[in-house]
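J.: Model the placement of chain B on the given structure of chain A, informed by the hints.
So the sequence lines, in the order shown, correspond to chains A and B. Quick note, in this note's numbering, the first sequence goes up one by one and the last residue is 241. Quick note, in this note's numbering, the second sequence goes up one by one and the last residue is 241.
For the record, the hints were derived by calculation from the structure and aren't laboratory data. Watch out, some of these pointers could steer you wrong.
Claimed, not checked - Output of the computed footprint for chain B on chain A, the stretches with three or more beta carbons under 8 angstroms from beta carbons of chain B: (1) 52 to 66; (2) 135 to 144; (3) 149 to 162; (4) 195 to 202; (5) 221 to 230.
Don't be surprised by glycine CBs; every beta carbon is placed ideally from N, CA and C.
Here are the chains, one letter per residue:
Number of protein chains: 2
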Amino acid sequence: MSDEATPATRATEATTAPAPAPSPGTRRPGGRTARTRAAVRDAVLAGLTEHGYPGLTVEYVAEHSGVHKTTLYRRWGDIEGMVADALDLAGEDSWVPPDTGSLDGDLRALAREVVESFNDPAVSASVSAMIAAAFQSERAAIALRAYYTERFARCETIVERAVARGELPDRADSAPGPATDAGGLVRSVSAPLFFRLFITREPVDAALADQSAATALAAARAGVFSAGGAPALGDGS
Amino acid sequence: MSDEATPATRATEATTAPAPAPSPGTRRPGGRTARTRAAVRDAVLAGLTEHGYPGLTVEYVAEHSGVHKTTLYRRWGDIEGMVADALDLAGEDSWVPPDTGSLDGDLRALAREVVESFNDPAVSASVSAMIAAAFQSERAAIALRAYYTERFARCETIVERAVARGELPDRADSAPGPATDAGGLVRSVSAPLFFRLFITREPVDAALADQSAATALAAARAGVFSAGGAPALGDGS
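Excised from the complex, chain A in its bound form (with noise of 0.2 angstroms):
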């Protein structure tokens, strides 16, 4: 083995991000330290889908990725380490939300694409063994924090364009913070669809895209992500 790693086999970037996939064609032209990255990222995956993470070994990754294990220990420390950058690495893509036109298309393209994304096996193995790995690492945990909180950050453009189109209120003026509670309007669109895959084990489909995407847009119309709370509450039955 040497330090050059082997050919991915089938996994790219386009396959292994956490959902909402990446577009295809975004895997970055790298030399040699992106390919024994990305090689070790595929090892990574590979392991948790087969062993999960307390099964992961040096041993394993290296195996797998052809990286010399000394040079996985010296560059990544350990397994955390090379967990939390198989997230890291997933994190940079080219991805950017639906743009469609409306807030209502946007939502729910974005909540379709969630719905296809766990329709390819390898996408939705790489996320549940990523989401899984969380449970027992710590470092895990923080990089999948930081994965979607920088993915979700992507989709308030969604929310930023809707109110630029008047379809949202922009409340900037008359009440003090933030205008709307972009992070949680979006965040609503995906939180039903994961609820059932990973909590209540529960199938997903298109028409329970639509309706996360509707349930999302409905309570947004409705401010409940608008400046000063949720009117909706409290103001009787």
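T.: Frame of chain A; chain B shown alone:
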């Protein structure tokens, strides 16, 4: 060791059921069999919390429950059977959803109950252990799904009461199929909370509980969970 269980050290049904947590004082009276089952459940939860599913052994459960290995094998078959039974046992409580007199109040109380249950470290650890086990054991995943299916079926009474009070439309006469997707509605209250706790690894608090409840309420009022789907979608912007 004998077939008789040692007394459970601290865990009770009230602290080990996945959220929403059952009300205190719901422990059933039980004889030796019930005590043995509870002792095994406590040992399984302790082992899952300490070692994770792959590290959980029959030896550990025997040692921590005081139940002999031969009894464990005879009654539960294997570790998967013990994990699944711990979830089955969690579902055998007398928990009922909040009944505040309004849909608004019920949904908010439900959401806050979820958040508060995770402020209890014992509940948080137990729920986390069960959700984590489902990533690695198909039988645990099936048991988890059954647990939540039954739990959310109980929650549907919130929606039924709201329909009876006229807070939600009763469209049974004008549209085929069920008038309201009560299961979708009550799941949408919990989803943003579990999503942050176990997927994005972000904190949850009472304000987020209120936002989750308000989101579900706004969507319900907009007809997202009513028969015929989501009128909010596709009506232009």
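J.: Determine for every hint whether it applies to the structure shown.
T.: Hints and how they fare:
With a threshold of 8 angstroms between beta carbons, the proposed coverage of the region 52 to 66 of chain A by chain B holds, since 5 of its residues qualify and at least three are required. Figure legend: the region 135 to 144 of chain A, annotated as covered by chain B; annotation consistent (5 residues with Cβ-Cβ distances under 8 angstroms, at least 3 required). Counting residues of the region 149 to 162 of chain A whose beta carbon lies closer than 8 angstroms to any beta carbon of chain B gives 4, which reaches the threshold of three, so the coverage claim holds. For the region 195 to 202 of chain A, the stated coverage by chain B is satisfied: 6 residues place a CB nearer than 8 angstroms to a CB of that chain, which reaches the threshold of 3.
Three residues within the 8 angstroms Cβ limit are the bar, and the region 221 to 230 of chain A against chain B gives 7, so the coverage statement holds.
Hint check: no violations occur; every hint is consistent with the structure.
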